[in-house]
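Colleague: One-letter residues, chain by chain:
2 protein chains.
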Amino acid sequence: MFKETNTQSKMPKISSRAVEMPSSPIRKLVPFAEEAKKKGRTVYHLNIGQPDIETPKCVLDKMHHLNLKVVEYSHSAGFQSYREGLAKYYKKLNIDLDPNNEIMVTTGGSEALIFAFQVCFEPGDEIIIPEPFYANYNGFATTSGLNVVPVTAKIEDGFALPPIEEFEKKITSKTKGILICNPGNPTGYLYSQEELNTLRDIVKKHDLFLFADEVYREFCYDGATHISALTLEGIEDNVVLVDSVSKRYSMCGARIGALISRNKELMASALKFGQARLSPPTFGQIAGEEALNTPQSYFDDVIEEYVERRNIMVDGLNKIDGVLCPKPSGAFYAIARLPIDNADKFCQWLLEDFEYNNETVMLAPATGFYASNLGQNEVRIAYVLNKTALHSALTCLEEALKVYPGRV
Amino acid sequence: MFKETNTQSKMPKISSRAVEMPSSPIRKLVPFAEEAKKKGRTVYHLNIGQPDIETPKCVLDKMHHLNLKVVEYSHSAGFQSYREGLAKYYKKLNIDLDPNNEIMVTTGGSEALIFAFQVCFEPGDEIIIPEPFYANYNGFATTSGLNVVPVTAKIEDGFALPPIEEFEKKITSKTKGILICNPGNPTGYLYSQEELNTLRDIVKKHDLFLFADEVYREFCYDGATHISALTLEGIEDNVVLVDSVSKRYSMCGARIGALISRNKELMASALKFGQARLSPPTFGQIAGEEALNTPQSYFDDVIEEYVERRNIMVDGLNKIDGVLCPKPSGAFYAIARLPIDNADKFCQWLLEDFEYNNETVMLAPATGFYASNLGQNEVRIAYVLNKTALHSALTCLEEALKVYPGRV
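As given, the protein sequences belong to chains P and R, one line each in that order. So for the first sequence, my numbering puts the first residue at 331; every next one is plus one. So for the second sequence, my numbering puts the first residue at 331; every next one is plus one.
Treat each hint with caution, since some may be false.
Any copy will do: because identical chains look the same in the list, a pair fits if it lies in one copy or spans two.
Below 30 Å or equal to it, Euclidean Cα-Cα: the simulated DSSO-like pairs (lysine-lysine) are [stated by the list, open to error]:
#1 K369 to K421
#2 K343 to K421
#3 K484 to K500
#4 K504 to K534
#5 K534 to K343
Rather than coming from a laboratory, the hints here were simulated on the basis of the structure.
Excised from the complex, chain P in its bound form:
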């Protein structure tokens, strides 16, 4: 469905922005997965960050007892009560925020980033992003006409922040911001205080915005602590936080996020974009507000589960001959280097031509997460399935690598 045709396009023409807009690298293999399933094959979906974890019970209960007669718009910045609840949530993280002008509820983290880009960038401006990075950042950049400039984080370093010199080399008169995802999708890497201080210094020196996507904040493992960009001192007007309930409470479909900044001018401008689209979703906001009451035990259980899954997956991958997979400290993704010629070919071959006990595995080629031409022999793995499924998926992958014609 929705195929772009190769026939000569009729007038009126679509825009060059629409032509340049990248397709989702995560979703482009979907037709091959559908074909495999039609053949009766089990496909283990490690390709997409849709967790199987249940949404907190308090949220589902709340939705069953809605007392609405009219499903009305909310304030364009979101329900006042929800913003106040979010301020209390951040207060627990030692972050003081004013719910009246520093927090704006958005339609997912996606909209928060779209608004931030619209407010902060002129068309033609540049944003530096450590790669590999979340592929949809490219799409949001295209929407606002800004250019993504990558700085490469290396798999050999476990995807640590590249040295400051690498950033300095990329800064031009067009550079207006740096974007990080912490902990990272697709790497799972968690930035240290020292790395964040490096970013603070470079941002301050060059008057840049620092966009921090912290939607995986709760998912930190092995005793590691998440440090929010909002705690960095001296760059209060530069930091723009993107948040979301999607992964935190396993409710991706609620489409509720938040745009947060202490830069009042930025927030006042973002609200104008928010007013144009009227309001974030009412049902999702009700769910998001209730989710603030999720007990700590929910997170303890989820984190325990993810640590076990990560260990199964990453340890299992590293035991396979020729595979390298740094062990991430956060989120629920890992990037693995495989002994293959081309990740796009390999991922398609897994779905089209391979099966082991009538099962196969769907992975995301890492090429879509690099802005430069890297990642040709890397894949992103989302460990969002139960442990039994992960073991089976690992077996599939191991067997596949034995017989893949493009093995190197």
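Based on the hints, put chain R in the right spot on chain P.
Modeller: Relative to chain P, chain R alone:
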């Protein structure tokens, strides 16, 4: 809250697009309304299209019996079952659509229009819109960097489509589209077959896109029939429809709309923007799909109610000395010309300085609905309150016009 400061802005600077983004003309009087309420005054809200009509019972019941364990993403184009349901809905209107590549579910009509503009326009392109028009079209245009060129519909003509010569005069090499809202917000005007044929001819002649916002389709009065732009022959690749459940089922907060076109290239491109933002809201889609089962009796009752409200409001307005208000055939808005010096001043004065039996009325100054400098003595009235409230609001307005210092 969210005030833009006048102090010298710190580096880094926000974008010129953010500076140019218009504030919502409908919402900018809100602080004055809040002040009036703090003084204990009743404020009749005729300023915003938030109906008091109840959401259909089937929808509210459905939400009480959700059987979800995980609130997952949907397909980026929306649930397949919902798209199939929408195709059946349009089929009843004698419009054949393929749910697989001609219908995309969006986050409200707003997102549909944002995607359409992104796909169809280069920055600097021009779109012609008959004014007065829905103010947020300006915001969506700013987001995509396109310029709005108004063609003025006249209150003396009841806001009928301006003559074709007026359109021809405005067409340049930059013109790529015409946007209509039918029935119209803020005019309530319903276009005839002849007027739509005029638009068809001009669109075809100049290879333009025709964007049709038909979110008020069901609200047609006095036996008038709505004619969809999708039924116009010979411009199948030019027509882009924007739809929404917000007003149809009185569920504005669901944030569910649709982008519809038979132009496959356009739809395939729009899907890429849809993939970047992942999916429309899951709860809202469930509500939207259930709303397709709303019985005809619901609409019969709602339309009867709106006709009565319209008659009270419009007939009442025209009885006031110096007031002119064309009687609309659709939607639930009317534009009225008042004997006043300045609508912005008058609307603020109503909230700040006027009361009648400790009550006042909130209206939307029409200036925000014109791209040219017109509408200075016009207001938009949304007849979304019950009949008792409308009578009281009319009395307030009549008394206010007797004592307003800027009466002309």
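Colleague: Now tell me, hint by hint, if it's right for this structure.
Modeller: Tested hints:
{"no.": "1", "hint": "K369 to K421", "in the structure": "neither (52 Å within a copy, 33 Å between copies)"}
{"no.": "2", "hint": "K343 to K421", "in the structure": "between (50 Å within a copy, 28 Å between copies)"}
{"no.": "3", "hint": "K484 to K500", "in the structure": "within (17 Å within a copy, 55 Å between copies)"}
{"no.": "4", "hint": "K504 to K534", "in the structure": "within (16 Å within a copy, 41 Å between copies)"}
{"no.": "5", "hint": "K534 to K343", "in the structure": "between (43 Å within a copy, 13 Å between copies)"}
When held up to the earlier numbered hints, the structure conflicts with hint 1 and nothing else.
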